[in-house]
Amino acid sequence: MPGVANSGPSTSSRETANPCSRKKVHFGSIHDAVRAGDVKQLSEIVERGASINEVDVLHKFTPLHWAAHSGSLECLHWLLWHGADITHVTTRGWAASHIAAIRGQDACVQALIMNGANLTAQDDRGCTPLHLAATHGHSFTLQIMLRSGVDPSVTDKREWRPVHYAAFHGRLGCLQLLVKWGCSIEDVDYNGNLPEPPWIPVEPLIPWLGMLDLHNLAPAYLHGLIFLYLYITVHDHFAFF
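The sequence shown: position 95 = 95 (full-length UniProt numbering), numbered continuously.
Just so you know, nobody snuck in bad clues.
Okay, the calculated beta carbon distance ranges per label pair:
no., residue 1, residue 2, range
1, G182, S29, 42 to 48 Å
2, H82, A36, 17 to 23 Å
3, L58, R147, 31 to 37 Å
4, H26, W181, 42 to 48 Å
5, H82, N118, 16 to 22 Å
In silico SDA-like links for lysine to any residue, alpha-carbon gap of 25 Å or less:
no., residue 1, residue 2
6, K180, F168
7, K157, A121
8, K157, S184
9, K40, K60
10, K60, D32
11, K157, G126
12, K157, R103
13, K180, D106
14, K180, R158
15, K60, A121
16, K60, D85
17, K40, L73
18, K157, D123
19, K180, A121
20, K40, H69
21, K40, S29
22, K180, T135
23, K40, I52
24, K60, G83
25, K180, R103
26, K60, D38
27, K40, M114
28, K60, D156
29, K180, A107
30, K157, G137
31, K40, N53
32, K157, I185
33, K157, G93
34, K157, Q122
35, K157, V89
36, K60, E44
37, K60, F27
38, K60, W78
39, K157, S139
40, K180, N118
Calculated directly from the structure, the hints in this document are not laboratory data. Using N, Cα and C, we set each Cβ at its ideal position, and we do this for glycine too.
Can you build the whole structure from these sequences, using the hints too?
This is the structure:
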């Protein structure tokens with residue numbers, strides 16, 4: 001182009017655009033390598049003397065916690081194979097299994113179960129990974145844990161069961177799953193509360209829950225459907241008035 005010394009891409013910009021010419025990222029800590037899912041650098045960092053159970057300063061996570069958090073399955077397998085402490089907990093009482101349940105990392109949950117993770121371990125509120133999966137609406141993660149044989153009616157310090165958390169947070173898929181696994185929706189906590197939403201819209205008038213796109217429903221309406229589902233389950237019918 002007239003008046004422009006070099007209108008084409010420079011050598012440096014061409015190199016940047018070419019993935020093969022990019023410089024390899026070197027991670028400064030074992031936690032960074034795990035978060036990025038780089039098992040090769042994870043291995044190299046441990047070989048240089050880093051502890052496989054090193055706790056980071058900010059979150060008090062071990063590398064295994066970060067693998068569960070980020071879904072770095074290959075790193076998680078490597079850490080477990082090399083003896084990472086599967087029972088180590090954060091200041092909130094979360095083991096790697098709690099983190100994987102919160103994040104809905106299904107494959108990581110499965111790997112942790114196969115390596116002996118204790119799914120009945122309670123955090124500082126008495127919540128197990130089952131409670132946390134129900135809280136965050138991860139029904140497939142919940143199903144994996146239920147299939148492993150964990151008690152679906154385990155209680156926290158308030159005597160809340162996973163079904164209470166699923167109802168309170170509007171997690172219909174988790175609620176339906178727990179009911180199918182035999183959880184009672186008439187169980188009460190130590191205050192006598194049933195597993196139902198904290199408040200209910202006036203007219204939840206759609207009985208065919210399976211036909212709904214739950215991801216696009218407003219939270220307020222979803223809470224109404226939770227109540228409706230509980231009503232139908234208890235009374236085996238629904239009548240419009």
